[in-house]
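S.K.: The task is simple: from the sequences and hints, build the whole structure.
As they're listed, the protein sequences go chains S and R.
Heads up, the first sequence is in the numbering used here, so the first residue is 1 and it goes up one at a time.
Heads up, the second sequence is in the numbering used here, so the first residue is 1 and it goes up one at a time.
Bear in mind the hints are in silico, worked out from the structure with no lab data behind them.
This one's a predicted model, so the numbers in the text were calculated from it and none came from an experiment.
All C-beta atoms, glycine included, are put in the ideal place defined by N, C-alpha and C.
Any given hint could be a false lead.
Unchecked claim - Listed next, the in silico EDC-like pairs over lysine to aspartate or glutamate satisfying Cα-Cα at most 20 Å (straight line):
(1) R:26 to R:213
(2) S:103 to S:128
(3) S:26 to R:213
(4) S:232 to S:204
(5) R:26 to S:213
(6) R:227 to R:204
To be verified - Now the in silico label distances, taken between C-beta atoms and shown as ranges:
(7) S:146 to R:168: 38 to 46 Å
(8) R:51 to S:132: 30 to 38 Å
(9) R:99 to S:176: 41 to 49 Å
Now for the letters of each chain:
2 protein chains.
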Amino acid sequence: MASEASPTAALLLIGNELLSGRTQDKNLAFLGARLAARGIVLAEARVIADVPSVIISSLNTLRAQFTYVFTTGGIGPTHDDITADCVADAFGVDLPIHPEAEKRLLAYFEERNIEPNADRMRMARIPEGGTLVDNPVSIAPGFSIENVFVMAGVPRIMQAMFDNIEPTLAVGPKIDSVSVLCDLGEGTFAAALRELQTQYKELDLGSYPMSSEQGRRVALVAKGQDKIALQKVSADLTQMVLNLGGQVHQE
Amino acid sequence: MASEASPTAALLLIGNELLSGRTQDKNLAFLGARLAARGIVLAEARVIADVPSVIISSLNTLRAQFTYVFTTGGIGPTHDDITADCVADAFGVDLPIHPEAEKRLLAYFEERNIEPNADRMRMARIPEGGTLVDNPVSIAPGFSIENVFVMAGVPRIMQAMFDNIEPTLAVGPKIDSVSVLCDLGEGTFAAALRELQTQYKELDLGSYPMSSEQGRRVALVAKGQDKIALQKVSADLTQMVLNLGGQVHQE
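M.R.: Written as structure tokens, this is what we have:
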């Protein structure tokens with residue numbers, strides 16, 4: 001589907017709480033949608049535990065393989081916040097206090113009469129060569145180093161950080177999509193959909209059963225760069241549903 | 001935290017729709033909680049696209065590394081349902097029609113006056129040597145082969161399949177947890193929490209900021225096998241919060 005020129009990305013979601021079922025991840029869907037809107041193909045996401053060797057090796061694998069790697073989680077002040085340490089290790093660089101990050105944190109703490117203790121100031125440590133990512137929510141910055149962007153795990157903070165990262169990313173060819181919602185079972189249209197996929201090689205066709213209170217609903221989705229082909233396939237998908245005795249519904 | 005004897009697991013969530021942001025995954029949190037309850041450590045989850053080479057290599061990497069691998073998605077009747085094909089490829093075995101799966105599907109379709117077309121009957125293809133996993137929701141079975149369990153992506157069907165898989169899995173040492181909800185910032189208790197972690201080496205201590213309408217809430221969580229240590233640390237965590245001028249809240 002994506003042309004050769006599409007930038008690619010991987011996501012590394014770091015945190016035991018995501019794997020234990022304690023926390024429902026919301027960062028993958030947010031970043032997937034925002035990257036797609038910029039023409040960047042999110043190719044893979046990995047959810048890993050707070051284990052240094054796993055964080056380091058996953059990061060090194062992914063940053064060699066994709067245009068961008070985004071990490072979430074593990075940049076707070078507590079003992080299990082080890083992402084910055086692991087990123088520094090992965091790049092083989094030191095993790096000094098970053099003067100600008102320190103300045104921002106000290107000003108923020110002073111204003112709020114919060115003690116700038118050693119744990120809080122850990123959040124000013126940035127791998128050598130890293131660039132700050134502003135955090136308008138709670139000040140403690142994320143950072144980027146080469147093609148890796150390190151963000152907070154709390155969705156509201158992560159989203160604010162990504163807003164600041166986004167303009168620095170390459171823009172890929174825009175992938176548009178059309179969607180036709182129907183009430184047919186997948187087995188009913190599978191052959192016709194397969195045939196349409198053969199006709200529209202430049203598009204990606206898929207079908208996604210959805211839960212609905214109105215009875216069975218399956219979304220037929222086409223994606224690609226060719227807007228004229230998308231318009232045509234949208235009409236063909238609708239006709240396919242009607243030909244097979246189904247109905248088209250509003251999404 | 002987990003003893004040497006803990007079985008481990010990885011999760012392979014297959015589907016473009018999870019990476020594009022179209023579908024919010026719910027399978028990771030469900031399986032993470034259920035595996036933890038059985039004493040199986042979910043060590044990693046990967047979300048990957050419907051690309052055969054990626055599915056095959058991810059599966060081969062993970063099945064060599066963990067006690068169990070669970071996959072979700074891609075076992076329906078449409079052209080982009082390629083998980084069974086990829087699993088057969090990964091194991092180097094054929095993908096014939098499984099007589100029992102065929103029998104179940106034919107009976108189900110006949111009862112409902114549904115045409116057993118070629119696409120629907122693709123769902124009876126099971127890798128050579130595979131064992132069926134019953135699907136009480138929509139009949140088309142999942143399957144297991146060696147240490148790999150292949151399930152549907154639709155949460156309701158996946159959950160029903162997992163209910164059938166669960167009794168066949170090893171039982172690991174039970175990991176219990178205690179949680180103390182407080183209103184302190186992480187930077188306030190980080191040093192004290194670090195000190196407690198040093199005291200309770202047999203436990204895993206973590207802190208998780210949560211969104212709340214009542215103001216700041218952070219969950220202090222301890223996990224481990226030693227119930228007496230967990231009771232003790234629960235009291236110590238509460239005392240820590242009070243010593244630091246915080247309040248303990250109901251979760």
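S.K.: For each hint, tell me whether it holds in the structure or not.
M.R.: Hint-by-hint comparison with the structure:
no.	hint	verdict
1	R:26 to R:213	violated, 24 Å
2	S:103 to S:128	holds, 17 Å
3	S:26 to R:213	holds, 19 Å
4	S:232 to S:204	holds, 14 Å
5	R:26 to S:213	holds, 19 Å
6	R:227 to R:204	holds, 13 Å
7	S:146 to R:168: 38 to 46 Å	holds, 45 Å
8	R:51 to S:132: 30 to 38 Å	holds, 35 Å
9	R:99 to S:176: 41 to 49 Å	holds, 45 Å
The structure is inconsistent with hint 1 alone, although it conforms to all the rest.
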